[in-house]
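Chemist: Given next are the chains, with one letter for each unit.
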Amino acid sequence: MDLLRFSTAGSVDDGKSTLIGRLLFDSKGIFEDQYAAIEKTSRRRGYTQVDLALLTDGLRAEREQGITIDVAYRYFATPRRKFIIADTPGHVQYTRNMVTGSSTADLAIVLVDARKGVLEQSRRHAFIASLLGIPHLVVAINKMDLVAYSEEVYERIQTEFAEWAAKLDVHDIQFIPISALHGDNVVTRSISMPWYQGPSLLYHLEHVYIASDRNLIDARFPVQWVIRPQTDEHHDYRGYAGQIAAGVFRKGDEVTVLPSGRRTRIKRIETFDGEVETAGPPLSVSILLEDELDISRGDMICRPHNQPTVATELDAMVCWMADAPLREGGRYLLKHTTRTVKAVVEDLRYRIDVNSLHREQDATELGLNAIGRVLLRTSGPLLLDEYDLSRTTGGFILIDETTLDTVGAGMVLQAGPPQQTVEDPGTTESAGEAGDHTERAAA
Amino acid sequence: MPYELTHLDALESEAIHIMREVAAEFERPVLLFSGGKDSIVLLRLAEKAFRPARFPFPIMHIDTGHNFPEVLEFRDRRVAELGERLIVASVQESIDKGRVREEPGNPSRNRLQTTTLLDAILEHQFDSVFGGARRDEEKARAKERVFSLRDEFGQWEPKAQRPELWSLYNGKIRRGQHMRVFPISNWTEMDVWQYIERENLEVPSIYFAHERDVFRRDGMWLSTSEFLPNGPDEAVERMVVRYRTVGDMTCTGAVSSPAANFADIILEVAAARITERGATRADDAFSETSMEDRKREGYF
Ligand SMILES: Nc1nc2c(ncn2[C@@H]2O[C@H](COP(=O)(O)OP(=O)(O)O)[C@@H](O)[C@H]2O)c(=O)[nH]1
Chain D
1 MDLLRFSTAG SVDDGKSTLI GRLLFDSKGI FEDQYAAIEK TSRRRGYTQV DLALLTDGLR
61 AEREQGITID VAYRYFATPR RKFIIADTPG HVQYTRNMVT GSSTADLAIV LVDARKGVLE
121 QSRRHAFIAS LLGIPHLVVA INKMDLVAYS EEVYERIQTE FAEWAAKLDV HDIQFIPISA
181 LHGDNVVTRS ISMPWYQGPS LLYHLEHVYI ASDRNLIDAR FPVQWVIRPQ TDEHHDYRGY
241 AGQIAAGVFR KGDEVTVLPS GRRTRIKRIE TFDGEVETAG PPLSVSILLE DELDISRGDM
301 ICRPHNQPTV ATELDAMVCW MADAPLREGG RYLLKHTTRT VKAVVEDLRY RIDVNSLHRE
361 QDATELGLNA IGRVLLRTSG PLLLDEYDLS RTTGGFILID ETTLDTVGAG MVLQAGPPQQ
421 TVEDPGTTES AGEAGDHTER AAA
Chain Z
1 MPYELTHLDA LESEAIHIMR EVAAEFERPV LLFSGGKDSI VLLRLAEKAF RPARFPFPIM
61 HIDTGHNFPE VLEFRDRRVA ELGERLIVAS VQESIDKGRV REEPGNPSRN RLQTTTLLDA
121 ILEHQFDSVF GGARRDEEKA RAKERVFSLR DEFGQWEPKA QRPELWSLYN GKIRRGQHMR
181 VFPISNWTEM DVWQYIEREN LEVPSIYFAH ERDVFRRDGM WLSTSEFLPN GPDEAVERMV
241 VRYRTVGDMT CTGAVSSPAA NFADIILEVA AARITERGAT RADDAFSETS MEDRKREGYF
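As you go down the protein sequences, you meet chains D and Z in turn.
Just so it is clear: in the first sequence, position 111 is 111 by our numbering, and no numbers are missing.
Just so it is clear: in the second sequence, position 273 is 273 by our numbering, and no numbers are missing.
Only chain D is shown next, with the shape it has when bound in the complex (with noise of 0.2 Å):
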């Protein structure tokens, strides 16, 4: 059995609830206590069937509010796997919860609401799965009772979104039909549907295949503590522990040490559980070099002829996640894989307009929720991969000094001296005048 992490991103009334619950009352993963504490809750406000999307009411806030305002996690497995949901809300006012839903997931279910077809959110849901990288998107067109199990809306929608995510970094995209109140293709497929003949969502979850979305070429392993029993038993050991993040590590490979660039080679591979001959992402490992050199916290571990870039300056898309907006000239701490640095925004280059995806080139700030592109420069070196390449090596969050918070997280497009070549996909030129709806050409 293995493990897949999905988000979900829906508006609100579009029905993301009510599928979550039916996924977990479904697939069993509900228990009855539970159950009985929506029902009662359901009856309590007076409706006439149990409404499902109780299920997924977290803190007080939000059941005195009626909205999803925080990322969720939920649970579920089947025989064939154990499943991670990180539920987001889909308004533009939560896109930093968004953003982190996504940052972890495999997968991302995109709901449409049938009668309403694609809207700005739909796109805006895709938009940030593709920036944050996840391989596989799932297009829920929901609500498909409500217009007559209608063949003709549904490839009307598929079409339109299909053309429009064409612009996207987005390799895989499932179109479904479901009805998330009457489990329409949610479980099982559905009687109502018979044009349809692909997969029911949880048969697309449950199968659709991941092993491959792991990055096992370019070896990244950024030691994160190093392991010094300091024993007599153990007199001379320096194990370096860490997590791979990318790339298979053999033993007995020639190494290079970042940002020393030292070389030497793997002695061995350890776990608790014994020696490894070889190791890939994601496992936790201890790996022991034939050489005694000085290395740290912060250092990484990669082969000779395939290194990140050792820079101090990057151009990356960054979210912004504080009520105090990113400026030029602003200082953060930067944490990227196990090293912390202190950074300066050099440029901000533009702000996304994540709804219609112009970038605004005359935007001074990234306020809350604001996504834009930045030019960064660092107190000292990082070990950095673009984003593409490698989640692990390629994102980044940023810290306020002063209150200490999580203020942005980033995606490196890349790493060294700003150049102008570097495409993020999908969005279009724009001054950022409010009507301007110019489509950029086919990249």
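Possibly wrong hints are sitting among the right ones.
Said to hold, decoys possible - Here are the in silico distance ranges between beta carbons for each label pair:
1. R28/Z <-> R331/D: 22 to 32 Å
2. G367/D <-> Q155/Z: 21 to 31 Å
3. L201/Z <-> R44/D: 52 to 62 Å
4. P258/Z <-> G198/D: 39 to 49 Å
5. A235/Z <-> S192/D: 48 to 58 Å
Unchecked claim - Covered stretches of chain Z, as calculated for chain D (at least 3 residues, CB under 8 Å):
6. 42 to 55
7. 74 to 83
8. 136 to 143
Stated by the list, open to error - Some residues of chain Z that are not near chain D, with every Cβ distance over 12 Å (derived):
9. A23
10. E27
11. I87
12. S90
13. E93
14. I95
15. K97
16. D119
17. Q125
18. P158
19. R216
20. T224
21. L228
22. E234
23. F262
In case anyone wonders, no lab produced these hints; they're calculated from the structure.
Heads up, the beta-carbon is just placed ideally off N, CA and C, and yes, glycines get one too.
Following the hints, complete the assembly by docking chain Z with the ligand onto the known chain D.
Modeler: The following block gives chain Z with the ligand in isolation, referenced to the frame of chain D:
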């Protein structure tokens, strides 16, 4: 060549990573150990993260004084096997010192543990505290971060949580604040049992079916003990039971079960239709928000 990676491998690796982050970014961590299955898993994960060296932190038990004797015996044996340092923070001492008062008519010391825990954190100047809480246990926990900040009064502010992305945890705190860290946030009860079975970990005997004198109260089977006499209308029965959680004896209910080994327990969990808290914790049922309230105050 893609390789097989089970859900337990993925969860284990994530948890080890979290523990090492704490060791690297904090000065004075501590690991809370109750003797229950979740903290048993934490100890194994700590071995996986730090051996062959010793743990870079002590182990702490918040002792309610209402323990199952089997659990205390197990605790001491396990800690001795590991060769690690154990701190016992006692609720009885907090009561004797007048830091907390027992509520008349309420035998449970569950809520009192919060003060004992916060006092111990202060006394030892711990800046980070590993706990075995899981997000599937309860709905307030479903939204709690892996690195969960506590203010200088030990309180949790659910609305002001830091965003948590990728595997990048923000370990920055101010003086007086501390971080609660939950390495097995993403595990379910089933995952915990499967892992215990896979690792062949010892658990206290009360997790397995045994004969016990119990009586019915608030819809639960409670064990008779010196801390909790049965009332005049509460008939004592001898039953074959086991426990799904290990806590304060006065508010932890037994379930009628013949499960005698890990395989039986896993089958039982797979078929269970009631959450472990719903089945066995009297204190959670009081109000729809009771866990959220206790967590805000600084509870585990
Ligand atoms: N007819 C119909 N109604 C649905 C469907 N899915 C959800 N709903 C209803 O739409 C409303 C909003 O659903 P909810 O799950 O709360 O939406 P959320 O805000 O996205 O979580 C509720 O009244 C649901 O019963 C569906 O497939 N068909």
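Chemist: Confirm or reject each hint.
Modeler: A quick look at each hint next to the structure:
{"no.": "1", "hint": "R28/Z <-> R331/D: 22 to 32 Å", "verdict": "29 Å, holds"}
{"no.": "2", "hint": "G367/D <-> Q155/Z: 21 to 31 Å", "verdict": "29 Å, holds"}
{"no.": "3", "hint": "L201/Z <-> R44/D: 52 to 62 Å", "verdict": "43 Å, violated"}
{"no.": "4", "hint": "P258/Z <-> G198/D: 39 to 49 Å", "verdict": "44 Å, holds"}
{"no.": "5", "hint": "A235/Z <-> S192/D: 48 to 58 Å", "verdict": "54 Å, holds"}
{"no.": "6", "hint": "42 to 55", "verdict": "holds (count 8)"}
{"no.": "7", "hint": "74 to 83", "verdict": "violated (count 0)"}
{"no.": "8", "hint": "136 to 143", "verdict": "holds (count 5)"}
{"no.": "9", "hint": "A23", "verdict": "6 Å, violated"}
{"no.": "10", "hint": "E27", "verdict": "14 Å, holds"}
{"no.": "11", "hint": "I87", "verdict": "22 Å, holds"}
{"no.": "12", "hint": "S90", "verdict": "32 Å, holds"}
{"no.": "13", "hint": "E93", "verdict": "33 Å, holds"}
{"no.": "14", "hint": "I95", "verdict": "30 Å, holds"}
{"no.": "15", "hint": "K97", "verdict": "33 Å, holds"}
{"no.": "16", "hint": "D119", "verdict": "25 Å, holds"}
{"no.": "17", "hint": "Q125", "verdict": "19 Å, holds"}
{"no.": "18", "hint": "P158", "verdict": "5 Å, violated"}
{"no.": "19", "hint": "R216", "verdict": "17 Å, holds"}
{"no.": "20", "hint": "T224", "verdict": "25 Å, holds"}
{"no.": "21", "hint": "L228", "verdict": "23 Å, holds"}
{"no.": "22", "hint": "E234", "verdict": "23 Å, holds"}
{"no.": "23", "hint": "F262", "verdict": "17 Å, holds"}
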